[in-house]
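> One letter stands for each residue in the lines below.
Number of protein chains: 2
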Amino acid sequence: MPYDYEKDGAAIYRQSFATIRAEADLARFDANDEPIAVRMIHAAGMVGLERHLRFSPGFGATARAALARGAPVLCDAHMVSEGVTRRRLPARNDVICTLRDPAVADLARGGGTTRSAAALELWRPRLAGALVAIGNAPTALFHLLNMLEDPACPRPAAIIGCPVGFVGAMESKAALWADQPAPCCIVEGRLGGSAITVAAINAIASRAE
Amino acid sequence: MPYDYEKDGAAIYRQSFATIRAEADLARFDANDEPIAVRMIHAAGMVGLERHLRFSPGFGATARAALARGAPVLCDAHMVSEGVTRRRLPARNDVICTLRDPAVADLARGGGTTRSAAALELWRPRLAGALVAIGNAPTALFHLLNMLEDPACPRPAAIIGCPVGFVGAMESKAALWADQPAPCCIVEGRLGGSAITVAAINAIASRAE
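Those protein sequences? They're chains F and Y, same order as listed. Letter by letter, the first sequence follows residues 1 to 209 of UniProt numbering. Letter by letter, the second sequence follows residues 1 to 209 of UniProt numbering.
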């Protein structure tokens with residue numbers, strides 16, 4: 001007997017988001033941030049993630065406005081840039097990951113750092129007003145914060161800080177939350193990653209559910 | 001003051017995996033499956049994931065042997081195919097995602113199903129002996145199980161079944177575990193996703209940590 005299952009994509013999204021809104025405690029998120037939180041929980045498959053989410057005041061509104069103005073999305077990993085649903089973007093925004101640029105290996109060696117961190121040096125020409133999405137490497141988020149200590153460095157409009165893991169993830173996100181060089185959202189602690197980050201971008205890009 | 005942090009990629013992996021092995025209960029995994037479990041925990045940033053992992057007997061060994069023979073990796077999502085570290089693959093294996101094939105939209109309409117499920121119809125010529133990795137769509141996993149109910153359908157060597165979410169994820173993985181049409185691993189319940197799935201592929205591809 002073949003398996004029978006829900007095959008209507010729109011119905012799957014509707015049921016999923018209804019389940020999340022029934023089970024998760026979303027009361028502390030404002031109307032701009034709530035749909036972002038819902039999609040992040042959806043991507044993680046984990047009610048309870050909301051307890052680790054932090055949005056700085058105005059994050060959702062600022063990030064949406066940046067994309068509406070045509071801001072590029074700067075991503076630390078190809079799994080992030082690849083996951084963004086292009087048809088949700090409001091202004092055919094560029095979605096950029098510089099990790100495979102031929103210059104990165106030399107930049108990493110010269111800077112004594114990871115390729116993920118070094119790749120951010122190539123963001124500088126597009127960084128002003130951008131939506132930054134760091135969903136993989138703690139070293140990339142630390143490197144961004146160090147770049148932004150220089151007042152001459154262009155400022156992004158907003159920062160999604162969701163690197164994942166056991167070395168530097170918690171620390172880099174705590175540093176972003178303490179510094180707040182731009183409106184930001186983080187997943188506190190070890191949790192994070194490309195899927196959750198992509199979900200945040202897709203939710204910022206469009207309110208369609 | 002710039003932030004000071006671990007910048008040596010190899011050291012970051014070493015410390016991460018040591019932390020996971022110190023904190024997670026991995027005793028029930030055999031020597032082939034344990035490094036796969038460790039990488040899946042690493043990608044999720046979540047000690048405790050191991051309680052949801054199930055490997056059928058011989059999964060790790062069978063999947064490794066398939067890749068060594070040159071088997072392709074068939075992925076349900078571009079976030080999965082994009083995340084596979086090509087230099088870890090033992091035989092320059094093809095990593096394939098058919099989701100953007102121009103035929104998929106018509107197949108989905110014709111079959112009354114999602115694009116993610118319909119895309120699997122294009123796997124048939126490469127399915128025999130392949131490593132299948134479903135890291136996003138429950139509908140894709142259900143569709144695979146229905147395809148494999150036909151004895152004439154080519155058989156994959158092994159199946160990573162890690163779709164994520166709130167509608168069909170738990171159910172499709174339970175169905176895979178009950179059917180076991182090939183050696184398989186699953187994340188029970190709602191958890192799963194592309195990052196965890198990629199981690200499993202990367203661990204199968206090479207024992208290097």
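Possibly wrong hints are sitting among the right ones.
Among the chain F residues that face chain Y by a calculated CB cut under 7 Å, a handful are [as the list claims (entries may be wrong)]:
1) T85
2) L145
3) L148
4) W177
5) P181
6) G193
Just so you know, the hints here were simulated from the structure itself, not pulled from any lab data. No residue lacks a Cβ here, since even glycine has one placed at the ideal position from N, Cα and C.
> Each hint should be assessed against the structure and marked as holding or not.
Okay, the hints, checked on the actual structure:
The beta carbon of T85/F is not positioned within 7 Å of any beta carbon in chain Y (closest approach about 11 Å), and the interface hint is therefore violated. With its C-beta approaching chain Y no nearer than about 6 Å, L145/F sits inside the 7 Å limit, and its interface hint holds. Evaluation of the L148/F hint against chain Y yields a violated restraint, the C-beta minimum of about 10 Å exceeding 7 Å. Residue-level restraint check for W177/F is violated (minimum Cβ-Cβ distance to chain Y is 13 Å; threshold 7 Å).
With a cut of 7 Å, the hint placing P181/F at the interface with chain Y is violated, because the nearest CB-to-CB distance is about 12 Å. Because the smallest distance between the Cβ of G193/F and any Cβ of chain Y comes to about 5 Å, under 7 Å, the interface hint for this residue holds.
Hints 1, 3, 4 and 5 from the earlier list are contradicted by this structure; the remaining hints agree with it.
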